[in-house]
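Colleague: Listed below are the residues making up each chain.
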Amino acid sequence: SQTIHQWPATLVQPVGSPLSLECTVEGTSNPNLYWYRQAAGRGLQLLFYSVGIGQISSEVPQNLSASRPQDRQFILSSKKLLLSDSGFYLCAWSVGITDSVGENTEAFFGQGTRLTVV
Amino acid sequence: DQQVKQNSPSLSVQEGRISILNCDYTNSMFDYFLWYKKYPAEGPTFLISISSIKDKNEDGRFTVFLNKSAKHLSLHIVPSQPGDSAVYFCAARFYTGNQFYFGTGTSLTVIP
Chain A
1 SQTIHQWPAT
11 LVQPVGSPLS
21 LECTVEGTSN
31 PNLYWYRQAA
41 GRGLQLLFYS
51 VGIGQISSEV
61 PQNLSASRPQ
71 DRQFILSSKK
81 LLLSDSGFYL
91 CAWSVGITDS
101 VGENTEAFFG
111 QGTRLTVV
Chain B
119 DQQVKQNSPS
129 LSVQEGRISI
139 LNCDYTNSMF
149 DYFLWYKKYP
159 AEGPTFLISI
169 SSIKDKNEDG
179 RFTVFLNKSA
189 KHLSLHIVPS
199 QPGDSAVYFC
209 AARFYTGNQF
219 YFGTGTSLTV
229 IP
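Taken in sequence, the protein lines are chains A and B.
Just so we're aligned, residue 1 is where the first sequence starts under the numbering used here, counting upward by one.
Just so we're aligned, residue 119 is where the second sequence starts under the numbering used here, counting upward by one.
Accuracy of the hints is not assured; some may be wrong.
As the list claims (entries may be wrong) - Across the chosen pairs, the derived CB separations fall in these ranges: (1) A/SER29 x B/PRO230: 40 to 48 Å; (2) B/GLN121 x A/ILE53: 47 to 55 Å; (3) A/SER65 x B/ALA159: 40 to 48 Å; (4) B/ALA159 x A/GLY54: 26 to 34 Å.
In short, the hints are calculated from the structure, not lab data.
Quick caveat, the model's predicted, so the values are computed rather than measured.
The beta-carbon is built from N, C-alpha and C at its ideal position, and this holds for glycine as well.
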């Protein structure tokens with residue numbers, strides 16, 4: 001079965017410090033990978049998604065970047081954190097899309113990382 | 119541009135009664151709709167989905183209804199249980215797209 005691991009679960013970082021959040025998926029190949037953020041009292045905002053190694057699409061220009069060095073590894077980074085980067089960060093994966101109608105599937109989420117920038 | 123909207127931020131229901139969570143969307147080309155449940159400090163978990171070619175899908179206590187002409191879907195939970203208290207997100211996607219478009223969520227409280 002497929003599993004997704006995301007760490008750390010909680011993180012407190014000072015303003016201006018770097019960030020690295022890691023996500024790995026097991027039990028599947030060539031997944032689509034996603035980073036979402038949920039700010040306090042807000043919905044799920046898509047930050048980045050990737051359909052393959054080295055392929056990153058950015059949805060929201062900001063202080064963050066993402067990388068996919070391996071097929072099932074997705075990393076969220078920042079060189080200098082801002083207070084506004086605080087939030088709940090979620091990694092997710094889904095099966096790569098085919099053109100066949102009816103083969104779509106849901107996205108599966110990790111447990112999330114609570115980031116507090118102080 | 120919010121393509122999927124949940125206009126009710128919160129809902130309270132008595133245990134045993136029906137919970138109805140609503141979702142509206144703007145893009146008539148969406149092919150697939152999903153509902154997720156989220157507890158605090160946890161990732162969302164998938165509940166139920168529906169293809170755009172259907173108008174109803176049922177799974178146990180959960181039923182999703184799709185009204186394409188109104189661009190509206192709803193999640194019915196019957197009977198509601200205290201453990202159903204959580205934030206519910208609806209989402210939409212295209213068959214050939216890679217993105218999931220999420221609503222802003224509705225916080226459901228089931229009162230014992």
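Colleague: Take the hints in turn and mark each one as holding or not.
Modeller: We went through each hint and held it up to the structure:
Between A/SER29 and B/PRO230, the C-beta spacing of about 45 Å keeps the proposed range 40 to 48 Å intact. Range check, B/GLN121 to A/ILE53: about 29 Å between beta-carbon atoms, so the 47 to 55 Å window is missed. A C-beta distance of roughly 25 Å is found between A/SER65 and B/ALA159, which places it outside the suggested range of 40 to 48 Å. The beta-carbon spacing between B/ALA159 and A/GLY54, approximately 32 Å, falls within the hinted interval of 26 to 34 Å.
Of the hints listed earlier, those the structure fails to meet are numbers 2 and 3, in rising order.
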